[in-house]
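> Please build the complex by placing chain F on the supplied structure of chain W, with the hints as guidance.
Chain by chain, the residues run as shown.
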Amino acid sequence: MADSSSVNAPVAAAPWSAPAVPAAAAPRKVNWGRALPFIGPVLLFIVWDFTVRFGAIKAILLPPPAETVTTLINGLAGGPLLKDFLVTLWRTTQAFLIAAVVGVPLGVVLGSAEKAYRSVEFLIDFFRSTPSSALIPLFLMIFGVSDINKVAIAAFGALLIVVFNSAYGVINARKQRVMAAKVMGASRWQIFKDVLVWESLQPSFVGLRSAVSMALVIVIVAEMFIGSDSGLGNRIINSQQVMNVRDMYASILAAGVLGYALNILFLVAERRIVHWSGR
Amino acid sequence: MNAVLNAPVVADVPVPPFKPGPAGTHITIRGLTKYFAGWPLYENFDLDIPKGKIVSVFGPNGCGKSTLINMIAGLVPIDSGEILFDGKSLKDTKIGYVFQNYREAMFPWMRTIDNIAYPLKLEGKSKAEVDRRMAELVASFDVKFDLNRYPYELSGGQQQTASIMRALAPKPEVLFLDEPFSALDFEMTLFIREKLQEVFMQTGTTMLLVSHDLEEAVYLADQVLLLTKRPTKVAEILPYSDPRPRTVETLSEPSFIRTKKLSLEIFQREVRR
Numbered sequence: 001m002a003d004s005s006s007v008n009a010p011v012a013a014a015p016w017s018a019p020a021v022p023a024a025a026a027p028r029k030v031n032w033g034r035a036l037p038f039i040g041p042v043l044l045f046i047v048w049d050f051t052v053r054f055g056a057i058k059a060i061l062l063p064p065p066a067e068t069v070t071t072l073i074n075g076l077a078g079g080p081l082l083k084d085f086l087v088t089l090w091r092t093t094q095a096f097l098i099a100a101v102v103g104v105p106l107g108v109v110l111g112s113a114e115k116a117y118r119s120v121e122f123l124i125d126f127f128r129s130t131p132s133s134a135l136i137p138l139f140l141m142i143f144g145v146s147d148i149n150k151v152a153i154a155a156f157g158a159l160l161i162v163v164f165n166s167a168y169g170v171i172n173a174r175k176q177r178v179m180a181a182k183v184m185g186a187s188r189w190q191i192f193k194d195v196l197v198w199e200s201l202q203p204s205f206v207g208l209r210s211a212v213s214m215a216l217v218i219v220i221v222a223e224m225f226i227g228s229d230s231g232l233g234n235r236i237i238n239s240q241q242v243m244n245v246r247d248m249y250a251s252i253l254a255a256g257v258l259g260y261a262l263n264i265l266f267l268v269a270e271r272r273i274v275h276w277s278g279r
Numbered sequence: 001m002n003a004v005l006n007a008p009v010v011a012d013v014p015v016p017p018f019k020p021g022p023a024g025t026h027i028t029i030r031g032l033t034k035y036f037a038g039w040p041l042y043e044n045f046d047l048d049i050p051k052g053k054i055v056s057v058f059g060p061n062g063c064g065k066s067t068l069i070n071m072i073a074g075l076v077p078i079d080s081g082e083i084l085f086d087g088k089s090l091k092d093t094k095i096g097y098v099f100q101n102y103r104e105a106m107f108p109w110m111r112t113i114d115n116i117a118y119p120l121k122l123e124g125k126s127k128a129e130v131d132r133r134m135a136e137l138v139a140s141f142d143v144k145f146d147l148n149r150y151p152y153e154l155s156g157g158q159q160q161t162a163s164i165m166r167a168l169a170p171k172p173e174v175l176f177l178d179e180p181f182s183a184l185d186f187e188m189t190l191f192i193r194e195k196l197q198e199v200f201m202q203t204g205t206t207m208l209l210v211s212h213d214l215e216e217a218v219y220l221a222d223q224v225l226l227l228t229k230r231p232t233k234v235a236e237i238l239p240y241s242d243p244r245p246r247t248v249e250t251l252s253e254p255s256f257i258r259t260k261k262l263s264l265e266i267f268q269r270e271v272r273r
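Residue numbers (the numbering used here), protein chains in the order written: chain W, 1 to 279; chain F, 1 to 273.
The shape of chain W in the complex, shown without the other chains (with noise of 0.2 Å):
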């Protein structure tokens, strides 16, 4: 037996040492990091490309994906899609500023009196649920077929939205924050401006965030149904109706990336102001 390991061990030995040789070429490594966010579009642009090259889908419902992009920047660079692009823009702009300027306030001022919030918290719950869209009739009878009318539906939708964060960032302020403001002595008002405003900051923001693409998303559907001569929905529409698909799918494009856009504003500007989030 002893006889038997020793004469195996050598032999085992020998194998060992192989790997050294192959591991001094190992170290260089690719960074393939920074290119992983460009496949998703580059194979969609391929299969997009290649559905319509070999005729899987009638050119006369998709356009080939370069003629597409031209005609979106050529649009968005000084052509009448611009102007549209600008009016839904404009739109969306007012209708968040009425939400976020009414409805930060309100819901930090109803997160503070929680027995106020839990009054009306059905009422918002309920409205907050309802697809702003099957209100729009309402909205037309109230303010006619107009401009105020796409405005003013996108702003109760996004308003619902900023109060509810607003408020839950007032109630789910951390506790023992309020409670170090307290012990210092500072008053009820004082804790409400140097504490509970500022804990909600950040769940407003995410308020904020998501009622800007609620804003745009009504805006949208308010331009294509609702008399309208401008903006992106009644563009996509239009084009629709005169099956100009080049024109169509561009209008299409520029609304994902005007949305898109707003995401990325609003998260870097969170970023910004609310610099101590996540830490």
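Treat each hint with caution, since some may be false.
[Stated by the list, open to error] For each label pair, taking beta carbons as the anchor points, the in silico distance ranges come out as:
#	chain 1	residue 1	chain 2	residue 2	range
1	W	V120	F	L264	53 to 61 Å
2	F	K261	W	R188	28 to 36 Å
3	F	K51	W	F122	30 to 38 Å
4	F	E215	W	F122	28 to 36 Å
5	W	I148	F	S155	29 to 37 Å
6	W	G33	F	G204	57 to 65 Å
7	F	K51	W	V178	27 to 35 Å
8	F	F145	W	S277	19 to 27 Å
9	W	S277	F	S155	17 to 25 Å
10	F	E123	W	A116	29 to 37 Å
11	W	K115	F	F145	38 to 46 Å
In case anyone wonders, no lab produced these hints; they're calculated from the structure.
Quick reminder that beta carbons are idealized off the backbone N, C-alpha and C, glycines included.
Okay, now just chain F, sitting in the frame of chain W:
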């Protein structure tokens, strides 16, 4: 006959006269009662806390050590009883409080220096007064880190140092410390413990320290307040009078070891009871 026996007892229970604590008492607690979910946590609890001393509160889990200091500090409402600071109510008393969880005690939207100055601003102090007090604090704490940073940019120990500075900024009569070291690593614990001792020797502020570490409790204390299980009573108050500054050598002094051993015995007796 029966009717007489079952008659309601309306004997005049005389209100016990207020008995002041011994000379040198700072905080007088009389007849403190607090119920939690229908069960008494404290019932007719009396305690005298001496002025210019450090009292460490130690006791079994759930006996309400933190609740006791929170009730004294006015953070937890009491059901009945009286708590007086040199005969005054809490309203007329300046206190400081150091939380265990410094992360949720500091205000991350303010720079550290503004956090420390916050209680002074609440008092309506002028900028010059605030600046002068800040300079004093920085000197006495020998601060080596940048107070213009935000709290979350500092280490745990630095944040807790800052929150102790904030508590001391308005020169409180009493400083409450609720397990101030539990969230810190050992190195920082030692450092802040020394700082606290230094500050105490400089200012002589009455301190009430809740601790779950017996060695730390005795090391800093003039008195170790040992509590029973609930309903909580005072099990024993052990004096510990080794001179300050206490150092690593203190930990091996016979008097230290004796006090610690005795505390442990009382603690174990109370836990088993």
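> It remains to establish, for every hint, whether it holds in the given structure.
Now for the hints, and whether the structure bears them out:
Take W/V120 and F/L264: their Cβ atoms lie about 56 Å apart, and the range 53 to 61 Å holds. Distance hint check: the CB atoms of F/K261 and W/R188 are about 49 Å apart, inconsistent with the given range 28 to 36 Å. Taking the beta carbon of each, F/K51 and W/F122 are about 54 Å apart, not inside 30 to 38 Å as hinted. For F/E215 and W/F122, the Cβ-Cβ distance of about 55 Å falls outside the hinted range of 28 to 36 Å, so the restraint is violated.
Hint check: W/I148 to F/S155, Cβ distance near 55 Å, so the stated range 29 to 37 Å is violated. For W/G33 paired with F/G204, a C-beta distance near 59 Å keeps the hint of 57 to 65 Å intact. Distance hint for F/K51 and W/V178: a CB-CB separation of about 30 Å, consistent with the stated range 27 to 35 Å. Restraint check, F/F145 to W/S277: a C-beta distance of roughly 23 Å satisfies the suggested window 19 to 27 Å.
In this structure, W/S277 and F/S155 meet the distance hint of 17 to 25 Å, their C-beta atoms being roughly 20 Å apart. Range check, F/E123 to W/A116: about 31 Å between beta-carbon atoms, so the 29 to 37 Å window is met. Between W/K115 and F/F145 the beta carbon distance is about 43 Å. The supplied range of 38 to 46 Å therefore holds.
When held up to the earlier numbered hints, the structure conflicts with 2, 3, 4 and 5 and fits the remainder.
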